[in-house]
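> Chain residues, written in single-letter form:
2 protein chains.
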Amino acid sequence: MSEDTPATRHRARMQRKKSVVDERIDAAQTERGVLLVLTGNGKGKSSSAFGMVARSLGHGLRVGVVQFIKGRFSTGEEAFFRRFDMVEYHVMGEGYTWETQDRERDTRAARAAWDVACGMLARSELDLVVLDELCIALKYHYLDVNEVVAALQARPPRQHAVVTGRAAPPALIEAADTVTEMQVVKHAFQAGIRAQKGVEL
Amino acid sequence: MSEDTPATRHRARMQRKKSVVDERIDAAQTERGVLLVLTGNGKGKSSSAFGMVARSLGHGLRVGVVQFIKGRFSTGEEAFFRRFDMVEYHVMGEGYTWETQDRERDTRAARAAWDVACGMLARSELDLVVLDELCIALKYHYLDVNEVVAALQARPPRQHAVVTGRAAPPALIEAADTVTEMQVVKHAFQAGIRAQKGVEL
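Line by line, the protein sequences give chains R and G.
Count the first sequence with the working numbering and you get residues 1 to 201, in order.
Count the second sequence with the working numbering and you get residues 1 to 201, in order.
Same shape as in the complex, but just chain R (with noise of 0.2 Å):
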């Protein structure tokens, strides 16, 4: 019989743990491309389509990436990942809705930024694309969702795409593989901390 030490209690935790995860890997054997939709008022939906650009390009893989929104500022992203032969990157040509506003200009960008997105998710070279606040065109009615949500269910079988912004619709949270929806706990922004550069730019 062995010893009831914490070491020895520690090591049965982690093999039970490992046969767990083991059999959930052996049993996850499908390979194709995923729909990600992140979603919810939290910080981080951007930052992470962009953390899969960069994990993407590690493993050599063609990215195509659209932003629906144009900030007042220019972005860290855009200048990082515009350097790169890999990336094609597309941002809408007009500002926040509630800088421009003006419905019919936003929805004539909006619609010609989709329209980029469309040329995006119908070529098989591109093993990413990201759709950078697309909910928010959604959300304004900019675009229809059931014709954004044909398009992303039509593109090649192995191409990933990850759609970002607040308040996805049901629609779309429907048709998508991996929801992650982000829950404010706390924000700098409410204490006073403006926008840094590296972490919201």
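Note that these hints are calculated values from the structure, not bench results.
The reader is advised that the hints may include incorrect statements.
[To be verified] Computed Cβ-Cβ distance ranges for the label pairs, DEER-style:
1) R:ARG166 <-> G:ARG105: 38 to 48 Å
2) R:ASP144 <-> G:ARG13: 13 to 23 Å
3) R:GLY119 <-> G:ALA191: 21 to 31 Å
4) G:ARG13 <-> R:GLU174: 26 to 36 Å
Computed from a predicted structure; not experimentally measured.
In this text, a Cβ means the ideal position worked out from N, Cα and C, and glycines have one as well.
Once you have looked at the hints, place chain G on chain R.
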């Protein structure tokens, strides 16, 4: 009196939104390093930290990364970010704790990685320090949470720090400026889809 049309109502709503956003941005004027904690069970914690690394590199900032878990596969983020002189990248020298099943060995490995992290947290030339999966080392009590929080709080005032991992302890959440809890709405893994390069790896 102006016409009441969908376009004018949209404009009025967006004007109100713009003034709220502008006021909040004007009020948030403090510039200093922030401590971010990305926790919860959902996908996106580490990716989000690596998105901030990319963003920082876009601004010409200097970054330190310590990964407190070495997975069974080599990761795209490591392959990618090791290419850059502006990034110092350290990966803990052992596997998952449920792989090694040896509490003492894990504790030594976590302490060695923490020593590297402490060195980074003491150097003001690093603009961002990412401590990926540090919460795992805290969860298993390989490291003392009070010691970790003290080192984070003593870091240079303009340095940003990002800590990721499930089950962030309350003392760490208390010390943080921004905390996001990433919740699983659904995960491809549950549907039998294995971890994919560029997405999880």
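> Hint by hint, note whether the structure agrees.
Going through the hints against the structure:
1. R:ARG166 <-> G:ARG105: 38 to 48 Å: holds, 43 Å
2. R:ASP144 <-> G:ARG13: 13 to 23 Å: At 21 Å between Cβs, range holds.
3. R:GLY119 <-> G:ALA191: 21 to 31 Å: Given range 21 to 31 Å: holds, Cβ gap about 28 Å.
4. G:ARG13 <-> R:GLU174: 26 to 36 Å: holds, 28 Å
Of the hints listed earlier, there is not a single one the structure fails to meet.
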